[in-house]
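K.L.:
Going by the working numbering, the residue at position 70 of the sequence shown is 70; the numbering climbs one at a time, nothing skipped.
Mixed in with the good hints there might be a few duds.
Stated by the list, open to error - Have a look at the derived ranges for each label pair, beta carbon to beta carbon:
(1) 103 <-> 11: 27 to 35 Å
(2) 7 <-> 76: 23 to 31 Å
(3) 93 <-> 62: 24 to 32 Å
(4) 35 <-> 8: 22 to 30 Å
(5) 127 <-> 83: 16 to 24 Å
(6) 73 <-> 12: 24 to 32 Å
(7) 80 <-> 15: 19 to 27 Å
To be clear, the hints were calculated from the coordinates, so they are not data collected in a lab. Beta carbons: idealized from backbone N, C-alpha and C, even for Gly.
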Amino acid sequence: MTSSASGGEWHARILRAWQLAILRFAVTLDNADRLAVTVIAREIDRLDPQHDGKADFSFFRRTSAELCAAILRPNELTPTVLRQYLARIDDERLKRAFAAAIEADQPAVSSVSKPSKHVSDLWRGLSSRSNQQL
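With the sequences and hints as input, model every part of the structure.
P.N.:
Listed below in structure tokens is the structure:
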């Protein structure tokens, strides 16, 4: 395994940790969880190689603050902020979990189709047991 591959995996893991921290905050609304989101966001912002750890890159800190504020104190911009974040989540399970935590409407994905007929129609056309010979 090359160092660039392991570095890419590390970046993916820290991004996933950030997303999970946001999910945890959305569920608990606990200040300690909000602070954990901020710490991870600060770490990710320092990873940008173009800025060499300078404080001027703050995408994840800014996004984290917006998300936490939208979760904690909903206002007219909240749906937009949360839907934009939802659209950025690649993992479908994480996306569904976050949508449930913030009570966002998600398109229903049903793996089992609902029967279109009443249950009483289930046995129509079959002969009754009393007519069959054993």
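K.L.:
Indicate, hint by hint, whether the structure satisfies it.
P.N.:
Here is what the structure says about each hint:
1. With their beta carbons about 31 Å apart, residue 103 and residue 11 fall inside the hinted range of 27 to 35 Å.
2. Against the hinted window of 23 to 31 Å, the Cβ-Cβ separation of residue 7 and residue 76 comes to about 41 Å, which falls outside the hint.
3. Between residue 93 and residue 62 the CB atoms are about 26 Å apart, so this pair conforms to the stated range of 24 to 32 Å.
4. With their beta carbons about 27 Å apart, residue 35 and residue 8 fall inside the hinted range of 22 to 30 Å.
5. For the pair residue 127 and residue 83, the beta carbons lie near 55 Å from each other, so the given range of 16 to 24 Å is not met.
6. With their beta carbons about 31 Å apart, residue 73 and residue 12 fall inside the hinted range of 24 to 32 Å.
7. A beta carbon spacing of about 22 Å between residue 80 and residue 15 agrees with the range 19 to 27 Å that was offered as a hint.
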